[in-house]
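S.K.: The lines below spell out each chain.
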Amino acid sequence: MENLTFDLAQTSLRELNQFLHNDAKKGEVDKVTVLNPDGAHNIAVGLDCPVTVEVHGHAGYYAGGMNKTARVVIHGSAGTGVGENMMSGVVHVKGFASNGAGASAHGGLLVIDGDAGLRCGISLKGGDIVVGGSVGSFSAFMAQAGRMVICGDAGDALGDSLYEAVLYVRGNIKSMGADTQIEPMSDADYAAVADLLRQAGIEHNPKEFKRVASKRELYYWNADANQEY
Amino acid sequence: MEAKPIKHLSKEESAGYDRKTLDYIRNAAAHGLYEIRGMGAKRKLPNFDDLVFLGASLSRYALEGYREKCSTKTILGTRFAKKPIELETPITIAGMSFGALSANVKEALGRAATEVGTSTTTGDGGMTPEERLSSKTLVYQCLPSRYGFNPDDVRRADAIEVVIGQGAKPGGGGMLLGQKVSARVAGMRTLPAGVDQRSACRHPDWTGPDDLAIKIQELREMTDWEKPIYVKVGATRTFNDVKLAVHAGADVIVVDGMQGGTAATQTCFIEHIGIPTLAALRQAVDALEDLDMKGKVQLIISGGVRTGPDVAKALAMGADAVAIGQGVMIAMGCNGETYCQGGQHHSAIADYAALGTAPGFCHHCHTGKCPVGITTQDEILEQRLEPMVGAKHLKNYLKTLNMELTTIARACGKQNVHHLEREDLVALTVEAAAMARLPLAGTSWVPGFSGY
Ligand code: SF4
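Residue numbers (this note's numbering), protein chains in the order written: chain U, 74 to 302; chain R, 4 to 455.
In isolation and in its complexed conformation, chain U is listed as follows:
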């Protein structure tokens, strides 16, 4: 199978994405290498086939956004909204990720080897996120389903207004968001953390993680909840 190279210093982003949406889908190419991304936005968005895209350099906003089945690897850092609304497949950032990483992801796996900025995993809807470093404030805000493994620390208001997503944190949590609590880890939780770390290729002892989940006290209107909504 072929490995095709797109040099974004020579070729437009439009050509790259058009190729990934059409030709790559025909199955003739299983790996696409992207050179000189130079922080371009919207690299490899909306993929819908099991192709591998290796980006050598830094990506701008929404790299690998809305991904289905593809594997997008960024050998550099990624801008806002990396892997946003992904449905399946893998997006792997070898460097750092900016704000809103994995926002609203419905499925698939997002791996960030370094730190992630604000609102990592905001509005998460079933995807899995593994962050090798720390996450910024308001991460997992209103996260509805899916799992986040945070190997470093978490900023302020972690998991604010969380629904059914579950967060595993190894380091310190600066502050908990409304309606979240730390819960005991079960065997299933240890197994889940071990599995996600293995998939992400990051080594830690699952025993070092704590579980954060929703208290489920804000699911219904309640006048006595002192407007914590």
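Incorrect hints may have been included.
[Claimed, not checked] In silico SDA-like links for lysine to any residue, alpha-carbon gap of 20 Å or less:
#, chain 1, residue 1, chain 2, residue 2
1, U, K141, R, V157
2, U, K99, U, G130
3, R, K297, R, F242
4, U, K98, R, W228
[Said to hold, decoys possible] Anything over 12 Å on all C-beta distances counts as not near chain R; from chain U, calculated:
#, residue
5, E75
6, D80
7, P123
8, G138
9, S210
10, H277
[Said to hold, decoys possible] Which chain R residues face chain U? A few, computed with CB under 8 Å, are given here:
#, residue
11, D52
12, G181
13, G190
14, M191
15, T193
16, E224
17, E229
18, E424
Hints in this document: simulated from the structure, not taken from any laboratory.
Note that beta-carbon positions come from the ideal geometry of N, C-alpha and C, so glycine has one too.
Using the hints, position chain R with the ligand against chain U.
M.R.: Just chain R with the ligand, lined up with the frame of chain U:
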């Protein structure tokens, strides 16, 4: 001698503390929560009724009402999209969610819209197969909540509408109370069934107009630049918002005025945040003209567009199309005394009474117990709106509006409804004249702009 007792002829209700205000205070005291309701602003606002057309006479000549052609064709999304939306009429169906509405209603909307050649729009909570199948032209909303947002549906849609806000609640997120979060609705939104859903008011992956430009580019790249991208804003600082949306790269801008409806929102939002449609429309058109973008970026106005004359006035003021939500629901039986099921009319009055209301006064969409089966997820109630019956009434309504629109256009001497112009309109009240920046009828006075 004792004074003769006086028999008072009148009782004086306080203007400030009238019965409505007493109800409000008592309700707050009893519940400790703000009131939530459906539909749009109920207060009296300057609106399209405060404008009239000048029509043709000696200085302009009219077209023959029944014989001469008057085109209503409307094309949206000509700026960047490879496949603009082509409609037979400038009257479109506003975004309303499955969840707020039943699946039957979504199907009826699609059927009627397809028959008259217009578009329907999804809402918070994603696209249902029913509406995709029944709608020839379907606009897919990308909302802050991203409930059910799916790249396959992006690819299946005919246009994408990035929703920044809604006229009923600019600055607020969606809301769906637990009674309407049925198993199917919850599944589509990835929520536990029965929760009182309150959505985010900001998009999760962008903030501000510069980010929006990149988000729009993502949607374009994602769809290979084929589909028009709409941006919808609730009417507030409309002049600036429309300019920013143009700069961000929108093909079409939807401005929703404060009369726009909702399935569930805090009353304080509905009545107190946002500006009237009339004022917003003028600001939006000014912004497009300022940027020399009139006709390049299309404008859809919504919020209290009810009648053919409303549509004609909106077009004359500079809109390219209108979107209708509440009118569409009323056409299908909302606030009616009866519903039609199994070929028979049945009274719904007792069901309105159970909600503490009556036909003509209902705004109880948030309860999920719609007496005529429109805004409900209840298995029994939803059967009260049969898709074929709803579609027929809606088709009649849309056709009537279209006939009125062409009648007015011909009377103004126009062969194309899009040729209606501001010069064809005057205002009946000083307020409307000031907001729409049109002369008061019979004068050349535009308050705030021309000689006084
Ligand atoms: S009749 Fe139904 S749709 Fe109309 S206001 Fe009442 S609850 Fe809402």
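S.K.: Each hint needs a verdict: does it hold in this structure or not?
M.R.: Quick rundown of the hints versus the structure:
A threshold of 20 Å between alpha carbons decides the hint, and for K141 of chain U with V157 of chain R the separation of about 13 Å falls inside it, so the pair holds. The hinted pair formed by K99 of chain U and G130 of chain U fails the criterion: a straight-line CA distance of about 27 Å is larger than 20 Å. Between the alpha carbons of K297 of chain R and F242 of chain R the distance comes to roughly 13 Å, so the proposed pair stays at or under 20 Å and holds. For the given pair, K98 of chain U sits about 18 Å from W228 of chain R by alpha-carbon distance, which is consistent with the 20 Å threshold.
At the 12 Å boundary, the C-beta of E75 of chain U stays outside the reach of chain R, the nearest C-beta of that chain being 22 Å off. With a least CB separation of 18 Å from chain R, D80 of chain U remains clear of the 12 Å interface cut-off, as annotated. Every CB of chain R lies more than 12 Å from the CB of P123 of chain U, the least distance being 15 Å, so the non-interface label holds. Its beta-carbon lying about 6 Å from the closest one in chain R, G138 of chain U breaks the requirement of being farther than 12 Å from that chain.
The beta carbon of S210 of chain U sits about 14 Å from the closest Cβ of chain R, which is more than 12 Å, so the claim that it is off the interface holds. Distance check for H277 of chain U against chain R: the nearest CB is about 28 Å away, which clears 12 Å, and the non-interface claim stands. Hint status for D52 of chain R: violated, given a least beta-carbon distance of 37 Å to chain U, over 8 Å. With a least beta-carbon distance of about 6 Å to chain U, the hint placing G181 of chain R at the interface is held under the 8 Å criterion.
With a cut of 8 Å, the hint placing G190 of chain R at the interface with chain U is violated, because the nearest CB-to-CB distance is about 11 Å. Contact between M191 of chain R and chain U, as hinted, is not supported at the beta carbon level, the nearest pair being about 11 Å apart and thus beyond 8 Å. Interface restraint check for T193 of chain R: the shortest CB-CB distance to chain U comes to about 4 Å, inside 8 Å, so the restraint holds. Because the closest C-beta pair between E224 of chain R and chain U is about 5 Å apart, less than 8 Å, the hint holds.
At a threshold of 8 Å, the smallest CB-CB gap from E229 of chain R to chain U is about 11 Å, leaving the interface hint violated. Checking E424 of chain R against chain U by beta carbon gives a least distance of about 39 Å; that is not within 8 Å, so the hint is violated.
This entry does not satisfy hints 2, 8, 11, 13, 14, 17, 18, going by the numbered hints stated previously.
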